[in-house]
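> Since chain V is already given, all that's left is putting chain P on it; use the hints.
Protein chains: 2
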Amino acid sequence: MVDQRVPTSVPFPTKSLDRHTELSNLLELVTGSLLEHVAEADAANAARQSGRRNGIIPNNQAAALLPPEIVSQRLGLSLSEKPQGKNGLVELTDRLLRLSVNTWDQGFMHKLYSGTNPVGVISELILAVLNTNLHVYTVSPALSVIEKQTGRALARLFGLSGPYSGGITQPGGSASNFNSVLIARHRAMPFINEKGTSAQQLVMFTSVDSHYSLEKAARMSGIGSQGVYKIPTDSEGRMSVPALRKAILDARSSGKHPFYVNATAGTTVRGAYDPIEEIASVCKEFGLWLHLDGSLGGSAIFSGQQSWRLKGSERADSITINPHKMLGVPVTCSFLLGNDLRQFRSANSIDAGYLFHEESSKVALQDAVANNTDDTYDLAELTPQCGRKGDALKLALGWVYYGRIGYERYVDKAFDTAAYLFSLVEMHPRMEMAAVHHSVQVCFYYNPSSAEYEHKVAAKRNTAITAYISEGLPSKGFMVDYAPGPVGKFLRVVTNGTTTNETMDSMVKAIDEIGHLCIM
Amino acid sequence: MVDQRVPTSVPFPTKSLDRHTELSNLLELVTGSLLEHVAEADAANAARQSGRRNGIIPNNQAAALLPPEIVSQRLGLSLSEKPQGKNGLVELTDRLLRLSVNTWDQGFMHKLYSGTNPVGVISELILAVLNTNLHVYTVSPALSVIEKQTGRALARLFGLSGPYSGGITQPGGSASNFNSVLIARHRAMPFINEKGTSAQQLVMFTSVDSHYSLEKAARMSGIGSQGVYKIPTDSEGRMSVPALRKAILDARSSGKHPFYVNATAGTTVRGAYDPIEEIASVCKEFGLWLHLDGSLGGSAIFSGQQSWRLKGSERADSITINPHKMLGVPVTCSFLLGNDLRQFRSANSIDAGYLFHEESSKVALQDAVANNTDDTYDLAELTPQCGRKGDALKLALGWVYYGRIGYERYVDKAFDTAAYLFSLVEMHPRMEMAAVHHSVQVCFYYNPSSAEYEHKVAAKRNTAITAYISEGLPSKGFMVDYAPGPVGKFLRVVTNGTTTNETMDSMVKAIDEIGHLCIM
Chain V
-11 MVDQRVPTSV PFPTKSLDRH TELSNLLELV TGSLLEHVAE ADAANAARQS
39 GRRNGIIPNN QAAALLPPEI VSQRLGLSLS EKPQGKNGLV ELTDRLLRLS
89 VNTWDQGFMH KLYSGTNPVG VISELILAVL NTNLHVYTVS PALSVIEKQT
139 GRALARLFGL SGPYSGGITQ PGGSASNFNS VLIARHRAMP FINEKGTSAQ
189 QLVMFTSVDS HYSLEKAARM SGIGSQGVYK IPTDSEGRMS VPALRKAILD
239 ARSSGKHPFY VNATAGTTVR GAYDPIEEIA SVCKEFGLWL HLDGSLGGSA
289 IFSGQQSWRL KGSERADSIT INPHKMLGVP VTCSFLLGND LRQFRSANSI
339 DAGYLFHEES SKVALQDAVA NNTDDTYDLA ELTPQCGRKG DALKLALGWV
389 YYGRIGYERY VDKAFDTAAY LFSLVEMHPR MEMAAVHHSV QVCFYYNPSS
439 AEYEHKVAAK RNTAITAYIS EGLPSKGFMV DYAPGPVGKF LRVVTNGTTT
489 NETMDSMVKA IDEIGHLCIM
Chain P
-11 MVDQRVPTSV PFPTKSLDRH TELSNLLELV TGSLLEHVAE ADAANAARQS
39 GRRNGIIPNN QAAALLPPEI VSQRLGLSLS EKPQGKNGLV ELTDRLLRLS
89 VNTWDQGFMH KLYSGTNPVG VISELILAVL NTNLHVYTVS PALSVIEKQT
139 GRALARLFGL SGPYSGGITQ PGGSASNFNS VLIARHRAMP FINEKGTSAQ
189 QLVMFTSVDS HYSLEKAARM SGIGSQGVYK IPTDSEGRMS VPALRKAILD
239 ARSSGKHPFY VNATAGTTVR GAYDPIEEIA SVCKEFGLWL HLDGSLGGSA
289 IFSGQQSWRL KGSERADSIT INPHKMLGVP VTCSFLLGND LRQFRSANSI
339 DAGYLFHEES SKVALQDAVA NNTDDTYDLA ELTPQCGRKG DALKLALGWV
389 YYGRIGYERY VDKAFDTAAY LFSLVEMHPR MEMAAVHHSV QVCFYYNPSS
439 AEYEHKVAAK RNTAITAYIS EGLPSKGFMV DYAPGPVGKF LRVVTNGTTT
489 NETMDSMVKA IDEIGHLCIM
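Order-wise, the sequence lines are chains V and P. For the first sequence, the working numbering assigns the number -11 to the initial residue and increments by one for each residue that follows. For the second sequence, the working numbering assigns the number -11 to the initial residue and increments by one for each residue that follows.
So that you can see chain V by itself, here it is in the shape it has in the complex (with noise of 0.2 Å):
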């Protein structure tokens, strides 16, 4: 085992002052490992492309089999007391790369995400040698005024272009989601943040179909699962906005305090976007809370072909996206972005003298909305977090690199594919579409059961073949997800850019391998 080999050279963090050759030492020695990970999975896809038979491709996906105790055992992970040094460095580097799943093969299409790009890989290098703080400007200049201006950007983007418009990144999409509603609760009523949020019956609305981080944000902010308004949806997954308008009517008339309206660009399962524009014009209406869950299809705005789906989109107060998703930005990158950060601040700053260097928080920001300024650059100010890392920049730097045009083929290529799926799928003889197809999502059951079985039991068969299929794929390369639907769960694939219809048909034809041994 590991613990009894101890290096005779044993590294010391306190001493070195030679830390760029020991970098550069363990560069050489890990480059070669991580370098043949993203080899196996492009052979992989060339594999698949070239129409070469699936047994020969390399399988990426069989970590995800494994359970835990497996992983344990062969991972052979040792907190030790002494040093195991650049051998144990190494071979704990190969034996977590055998057992991970390979993110960069296109047979990984489980969730809302993918394997990163070359690009991305250097962005988290640069964030790690930089090794800084964007709680304040003063220790990342740069990195702060990249945030900045690569919110700004995306807010444009967005049609968002008031005078205070921009964004900041957040810990992923549901610290994003998070932080609009605090930041809406806070404009809704601003007592709240020093009185607590007792007896006000705060109501937020959002639909059947939205992302479980709308309710936890509920929870968290001591509104509660039952201040969330479940808005149901039409039979393509939208928000229905009669329903919208009623629940808000209703949770007046009983007293109720609405505040806050999400609206979903691209959901979780179906990758359905809700009809902004007519949202945006109930939430005028009733003086709520816009805001904009576009974690996932955010990033059609790149696309011309794709962002006609964002129409409305400049009439949000805030609106969430994350180029981790449907970009290839390395996770977690997510933005909160808004017409107003001057209200993020609001919400959000608290007088911390050690920190932030100005007289007082309280008299800076009474500065700022009164000279109409908001150019603060502590960007801690206008967020839960205290500690932050530089997440702007993995966008920043894919977007100088691709061009907002590479972004754009990117998406569309990911739509194209999934285009592609959906047609392979209603073609087939043995599946069957379980949703409207959208997006970057197609959702269907395998040989589902026809009418003559009761519902339960339809939908428990559906259930088992549909977790049979997604357990067998791994060992044929392809990792694919599921999801509870009309009739049992079903099969999710998402595509991403780097998905070709190549891989569509082995996958296509894999599902059929495995499903057909529940229907013989």
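As the list makes no split between identical chains, a pair holds if one copy fits it or if it spans any two.
With a cut-off of at most 20 Å between alpha-carbon atoms, the simulated EDC-like pairs for lysine to aspartate or glutamate come out as follows:
id	residue 1	residue 2
1	K464	E490
2	K74	E396
3	K234	E273
4	K218	E182
5	K183	D238
6	K444	E420
7	K74	E10
8	K218	D339
9	K448	E459
10	K299	D222
11	K70	E396
12	K448	D339
13	K70	D400
14	K299	E273
15	K497	E459
16	K234	E266
Just so you know, the hints here were simulated from the structure itself, not pulled from any lab data.
Only chain P this time, still in chain V's reference frame:
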């Protein structure tokens, strides 16, 4: 300008089947500059060590003096339509490095973190290549196992050894502290997640010297600032236990609901450790949740010499520790540890059939409690997040590389160097300690006003001198922050495991040179 130069070979994310070659090329293109960044800090440190004069030490902190307008102009970030490719990438990287403070330099003592180390950089590189998500086990088997094992090992260090003890990472100390409040709130009043905090009048207790994230957590969670009772500290900055006891009794007798006490291990400014044992006894007496905010000072647990400061930690219900502070792990790496992770899950779990594939999270949770097991590896269930980065790997890899012994020496060195600086200040004719010296912070005034001034005038004068010195130091290669104190603001130096006595000597000299200009 960059925009006019469109490279002939345009990178395109959707086409490449040879991403390992592209990554290899990009690594080659940027590695030189990145290593140079580290080498500059190495050279500065070596120069200080050898006692050479300040003048020839490279100035790695100069960027801190530049206003945003200048940084923005010199950075020349162009988020363009067209790709700028490799040239754009390399040029932006070089400018970014030049316009950033160099946290690898010993002169960087501004905040509670410092530069990372070579293995830290490697750990971020590995995470970037793996680019996966730790919300569910299926897509991150090995990294989830590493998080569980590292969390458990850390919890054990603190004496949290129950069958369900362990820990999870959170995106920063503020997030860890916030989650602790949510978990404690849920234990005290499990119906709040459903019904909101309406009229509960929850009260939490923390010292006046604690981090602002505690008050922010109260605001966010709907408890409100008024629900935070700030307990006075003794002359050394430690929470007064009699005052805590009295505050709890007062709250109770006015019909409020005390539920949570935060004890700080290493306060932000003075580095004081609250008396954990005594606070734990009070918590037990009144049935309150005991959280230990060891964001900064929790790392002392790695040191045989220093761990006495954390005596009683095994009686805490939850503990925050940020290895990205005292241990030099890359920003961000924060753990929330607990003696019973079932409580974490119970407070944060939410049904989401599209993500968690147990029949229902609620049922699975009840099963877990009934069967006295909690072996979920779907770690998002224990946190407010959905998507999560594998921050635990960064500590695990450093631990493997350096051993616990390596971290011990690193912590000891930081404490020793701070003690050395303390002795320099004590001996210096124009310097005066502003607070009792505890751990890795040294807080002092330069030439503070004598008693002849009235307090307000003295405070103004001290603050002016302090700010003048803090702003003058970057030009001499040092960054030192300041904080509010008894008679105006004082300088706060934070040492880390790489800081040497020679650097303290030259910093004291530099402070005297700048400060002297104020008092001539």
